[in-house]
Amino acid sequence: MPDYNLRLIIPEIFLFLWALFIIAFDLGTKRKNPKLIGYLTMGGIAATAVLLYLYHGGISFNNMFKSDPLALFFKVIFLGSAFMAVGSSFDIIAQKIKNHRGEFFGLVLFSTVGMMFLASAGELISLYIGLELTTIPLFILAAYYKDDRISVEAGLKYLVIGAFSSAILLYGLSLLYGLSGTTDIVMMKINLALLYLNTNGIGWALLMAIVMVLAGIGFKLALVPFHMWAPDVYQGAPTPITALLSVGSKAAGVVAFMRIFIDGLYGFADAVMFPLDWGNIVAVLAAAAMILGNISALRQKNIKRMLAYSSIAQIGYVMVGMVAVSELGVGSVGYYMFIYLFANMGAFAVATIFNDNTGSDSIASYAGLSKSSPMISAFMAIFLLSLAGIPPLAGFAAKFFVFAAGIQAGYTWLVILALLTAVVSLYYYANVIKMMYFAPDNPTIKLNTPLSANIVLIIGVAGLIIFGVYPEPILNFALDTARVFGF
Amino acid sequence: MLDLIIFYFAAVIAVGAAVMMIMQRNPVASVLYLVVSLVAQAILYVQLNALFVGALLIIIYTGAILVLFLFVIMLLNLRGEHFGGKQSRMGRASKIAITVILFAEMVAIFKQVAIPERIGTQAAAVAEDFGSVEMVASHLFKEYLYPFELTSILLLVAIVGAVVLAKRDKTEKMEDA
Amino acid sequence: MIPIGHFLILSAMLFAVGAAGVIISRNLLIMLMSIELMLNAANLAIIAFSRMNNIVDGHVFVFIVFAVAAAEAAVGLAIIIMIFRNRESINADNFSLLKR
Amino acid sequence: MEQPLYLIPLFPLIGFLLNGLLLGRLGKKTISFIACTSVGLSFLFGLKFFFDLLSLPDTARIIENVFFTWIPAGQFHVNVAFLLDPLSAVMVLVVSGVSFIIHIYSIGYMHDDAGYGRYFTYLNLFVFSMLMLVLADNYLLMFVGWEGVGLCSYLLIGFWFEKKSASDAGKKAFIVNRIGDFGFLLGMFIIFWQTGSLDFKTALDPAVAHSVFAVGGGMITAATLLMFLGATGKSAQIPLYVWLPDAMEGPTPVSALIHAATMVTAGVYMIARSNVLYMMAPATMAVVAIVGVATAIFAGSIALAQNDIKRVLAYSTVSQLGYMFTACGVAAFSAGIFHLMTHAFFKALLFLGSGSVIHAMAGQQDMRYMGGLKKRMPITFWTFLIATLAITGIPGLSGFFSKDEILWKSFSSDYGSIWIWLIGLITAGMTAFYMFRLVFLTFYGEERMDSHTREHLHESPKVMTVPLSILAVLSVIGGYVGIPHILGGDNRFEKFLEPVMKGVHHSVEGEHALASAAHNGSTELILMVGSVVLVAVFIYLAYHFYIKNIAAAGKLRQRFSGLHKIIYGKYFVDELYNAVIVQPLVVGSKFLWKIFDVLIIDGFINGMAVIIGDMSTGLRPAQSGILRTYTTIFLVGVIVILGIVLIFG
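Here the protein sequences line up with chains A, B, C and D, keeping their order.
Counting from 1, one number per residue, gives the positions in the first sequence under the working numbering.
Counting from 488, one number per residue, gives the positions in the second sequence under the working numbering.
Counting from 665, one number per residue, gives the positions in the third sequence under the working numbering.
Counting from 765, one number per residue, gives the positions in the fourth sequence under the working numbering.
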């Protein structure tokens, strides 16, 4: 009989119920208290984090729900990104979303719950549902400005490509299921290995499964060539949702990738598919992502679009650690995503605040911001410099670990390419800083920031500085996740 | 032999209707072709001892999802001018070529006899009640209770989302999808 | 009995037709329907594999995919309704405000 | 020995935080008090630890201060830890000392600037980063400082961003430096990968290095070359020097501090620090020497014809840095550091002096509109002259000792050659020429400025002249710590650094070179005299063309015709001189500048930027905004990957 250890999913259940409560509360108070529901949402997320701390460790539902260090680590990232996205969206819901404010926060929480289920999935079906549960609320949220033509268009593009990729992913999963005869990821690994021994090679069908699953998860990661949606959707979606897409949803993709490829298919990294194992495929895609993302970002004039391309490039760097498939590799990917949370959420929070105050997303309109709002400019500079990997900010340590893992695993060419493209990346990050600090003529804009947004910004900056100077706790936590895979 | 005839009959209808579906300009016709294709697929499900799921296919897809499509088409009151003009012949041909290549690759993969005794030949006999309601249900509510419960959240999200999106602000009360 | 490979090739064919529908059709509704077709192609493969491996898990998988497909369709249709209200069109090629 | 070394960089950090967080809320006096005191305290602590170091026996001159574990990933273990050995002690004193003097000077120079607080904030951050760089006990921490100084350099070059050229120059510096950093990082990865550590103690232990690297092997050559690429970026060597002349857009004290005395020497420091590794890669050593000497003569010849006072000094800096690299390349690391130190004094003085001139000239930087400032600004003039004498290598001043040491080593060392020496010698001549050209054009001759400027000419305030005087004293006496054996000294500087230069003394060739150096006393003396004579000749030439005959050459042609030519019988001789020596020099210099500098090297780097930018534009049509294109590309992606996998898998 299956073991239903309900204790372990208390955090998820709580967050789900809290989402329902937020929606109900908003309806019940006649949608009069946008600030209050915002703070309630943030409080709920914080409470979930506490519950997560109290209830974790173990497996439940027949190995379908794993509350292991990997899941825990990424759940922290998801909660963090949701917290920061909600925190930076107070002005938006006050100004742009007149109705359905509760649903806005509710859907953010639903998506977060989906990510949490995804991170814990030990089995293909729940992984698939977790993925859908992550994505579908985001379809809705991307199109949330119903009267804004570009927001609706972003929602549409995200939906069509998302559903398309989900169908391809499903086909890949069906092949994995068919070849292994099980949906349990650990059993799958064993069965595939047995099959390999019995028939002396699994052959092309598994390769097709790998490519299709890669396409499905590649969509979430915005990995080239499955990235086409990202710039458009990032630009069109409400900025906090863009932030959530670029961090939370991406981290969900990363953890799904780890669950399937590292946990389920690691045994086949070289033996079966030599010379073209998934590592090499992913390495090539990562290289393409770094080149295309960084180069495309150069000439962008819209900050959100620029950050979209930058995040395409960033996922290329993350994948350097992923293909290393080692303790340091997995650990460095976790660390990278954790730091990326602060830097990217922070940068998008500034973009949100700026848009709220000026209604503009263009980089040119940031001219002279350092004079009118020195603090926010300094924060933005820190976020961007961290993304560019300037020490001692945490982005540097993150890149360093990832590249070290790549070198260790023998992907020297990839690391060289990564370092070269990182040089290019500096150009467009520095461009924004140059605008803010070194651009003279500008009617001064004074940015008003709500308290919650300030909290978000301070969390971001503090995270980048503290974990840049003293990465040990997070890194140890991240390296702990690698133990799940038993390297 | 009879099995094989039924298989080919159903397969031809399934694929043919699918092709017709994507060729249509009028979505109503597309919906109907999709219904035909799905019914043919349900026959194939039955051939694979998947009685219960085959029945669900017809009930859920044709009964719910496709009706939803029809409903939306009616709701929007779509006419010809909403569907756009003609496509360029080259674009279309190249896209057909792309999908043909996809299909060729997939066939090549399935034809590769890496596990001949399992894919290539007939499947072994299965238990009498394989695919029956009881068997599927016992799996669904025991082993797979967890993903099943997750679908409930998913459907709830879809409802909330559809209401939020499709509702006209301030003008009408409710108009859910 | 019919070889399982037949079903797989049929599912591949349906998958390819569905994919063709997504990339060829300009009608958003037909795009969505094509995606449904692709999901069903995967379902057919799952059912075939389930029969091949003599494990009924696949049926559960398909059952759950139905739910996912329903959710996707509902949200997708809602977005189509919204974009039709916004732009008076469901021609996918008309929506390219976001580009470059 | 364990000592609280963190006290050295701590104060500038506090100064940075105080000034940065309270920006706009403090008065000018408070700002400068915080900034200067913090750097002064660093200097004092630096001195204290320096004497602590001296009190230790020769072989044990190491002070450590481990702070905490920065990067703890299993075998990856990097500490935040400081290391004070003779090499870093020299650097700490130079950096904090010169910084302190320049901070004081800046109080006067920046007095009327709107960005006063911002300026000192950046400057303190710079000092902090630079001290991190030189105190780090491992490459990674060094890299932190390395990037930090780059960032400050960027911020300070673009300080007057109202000028577009300034913000462009800042960005250029940042990007070009990143190209170098790429090399540094990669070299660092190789070292880590091979030796398993980034600590100087382990990675630079000759025993460890020899156990993992083969002398002259591919891996060590690659690692050292890549790190040298990093050094060329930071220290402005061919081909990555292009940012430094543009960096003169920043305030002049910044040019003095960052782009002459301290930051740009970081590359030299890094190579001297890694001498163990470099000595194991003879090919790299040759590259370093050749790039160094090539940069020296190349930049020196460009400096000959520049008219902007700061650009002359900028190219001069590039040229002098070339000397230091030449020294490193011929395994005379101590000589390189020695020159680094003396150069820090006299080049800082030159820049500050030029700043004083520019200040008096109300921002005018073109020497063609100066002249005759000697009477107007006596202190500036005399200190500037001392620095000029020092840089040209007049015996008795600091530059003489260090430059001569380098020239001699490049001649005598096994890594050197007569060609390197010869080019170095010619560069010394050029240096004498362009520096005295600068002095004569600026301080002598007619006053060529407009009347308005002339009325306002004044000597700079005390707060600026006192630092000039201090630096002048240092420029004179700075060389006496390293008097060579041949002149009766015992080169205490080299002795002091000896424990750090393990690579040189580890290799037999090095010993041999040192031994032969001692034996060839007479040769050394002859070469020394020769170079002094050459310098004197070039100074005379400069005198001849820019003082004696500037009137003749310039005015004659304009006002008078044939008659005057006959009266001034020397006319034809002058014409001859002019045609044979000066014109070729000027034309050649301009040619090098316009063709190589601006067109080829600068053009290459800008061209790369344009090409990458165009690629960016070229990629845009794919992002057509049309949904079907996206789905098609998605599907094609799947098909192509699948196809590749099927074909090769």
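Any given hint might turn out to be false.
To be verified - Heads up, incomplete: computed chain D residues facing chain C, CB under 8 Å, no partners named:
id	residue
1	L790
2	K793
3	T794
4	Q1387
5	G1389
6	I1390
7	L1391
8	R1392
9	T1395
10	T1396
In case anyone wonders, no lab produced these hints; they're calculated from the structure.
In this text, a Cβ means the ideal position worked out from N, Cα and C, and glycines have one as well.
Could you work out which earlier hints the structure fails to respect and list their numbers in ascending sequence? 1, 2 and 3
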